[in-house]
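J.: Input sequences plus hints: build the corresponding full structure.
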Amino acid sequence: MIYTDKFQKLMDNLSNGKINKKEVVNILLTLLEESDKLLERIESLKTIYYLKINGDKVFRIIENHLISDESAQIRCLSAKIIFQNFPKSKNFLLLRWVSQYERSALVIKTLLDLFRSVVDPHFKIFQNIILERLKKIYNIPMKEINLFLNLEVLCVEKTKQYNLNIGENWHKIIRMLKFSPDSVWLVQRLYYIKYGGKMLGPLPDDSLPYLKQLI
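Everything in the sequence shown is counted per the numbering used here, starting at 1 for the first residue and increasing by one.
Please note: incorrect hints may appear among the correct ones.
Claimed, not checked - Listed next, the in silico DSS-like pairs over lysine-lysine satisfying Cα-Cα at most 30 Å (straight line):
| # | residue 1 | residue 2 |
| --- | --- | --- |
| 1 | LYS160 | LYS6 |
| 2 | LYS6 | LYS22 |
| 3 | LYS88 | LYS6 |
| 4 | LYS22 | LYS80 |
| 5 | LYS37 | LYS22 |
| 6 | LYS88 | LYS57 |
| 7 | LYS80 | LYS52 |
| 8 | LYS52 | LYS90 |
| 9 | LYS9 | LYS21 |
| 10 | LYS135 | LYS80 |
| 11 | LYS18 | LYS80 |
| 12 | LYS136 | LYS124 |
| 13 | LYS80 | LYS143 |
| 14 | LYS160 | LYS135 |
| 15 | LYS172 | LYS194 |
| 16 | LYS57 | LYS80 |
| 17 | LYS172 | LYS158 |
| 18 | LYS37 | LYS9 |
What the hints assert, rightly or not - With beta-carbon atoms standing in for the labels, derived distance ranges:
| # | residue 1 | residue 2 | range |
| --- | --- | --- | --- |
| 19 | ARG175 | LYS57 | 15 to 23 Å |
| 20 | ILE129 | ASP12 | 37 to 45 Å |
| 21 | LYS22 | TYR101 | 29 to 37 Å |
| 22 | PHE179 | ILE19 | 48 to 56 Å |
| 23 | TYR191 | ASN16 | 57 to 65 Å |
| 24 | LYS22 | ASN64 | 16 to 24 Å |
Just so you know, these hints were derived from the structure itself, not from any lab. C-beta: ideal position from N, C-alpha, C; glycine also.
T.: Pasting the structure below:
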């Protein structure tokens, strides 16, 4: 990981034995809870993820940020920590709730990637919950959902408007594509799909890297 000076010093002190892991956890949680700098809060979460920190106190705090933090970037990292650092017996109900109610395109994409990364029938159910929600929001065939979601995520990354919600970015996406000569064909495809066309072959399931090359 690449750290800012403050976090690099913290990691160096941990490696050198000047502070212990419990002290590091307290510092990270304090920064997450009290800092008014988004970058510091993001790096706190990245470090918690990297060190695989868990425990009841950590779970309660990360759970709160996953449910209610205003920043989609913070919620994305919180989802990764809840998924990776805690067993299914601990994270099951929380991840089900988030699958039902999360609205950020960025967080939705993160959740789907997490659920697809493991072979587990329960996480497959959560994946299907999200896909059914997206199908209703986009009002398109199921096979085209990944394309629409990936374009939304790409739009979020390009504009740095990280808190945009799913289904609210149609005009931004079209504008983004029209400014990219290599992807003008996508505009026609999107209009065709959006307004009832169903005869197109789907793009690859993981189309985000492919789309990034075009735009």
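J.: Check the structure against each numbered hint from earlier and tell me which ones fail, lowest number first.
T.: 3 and 19
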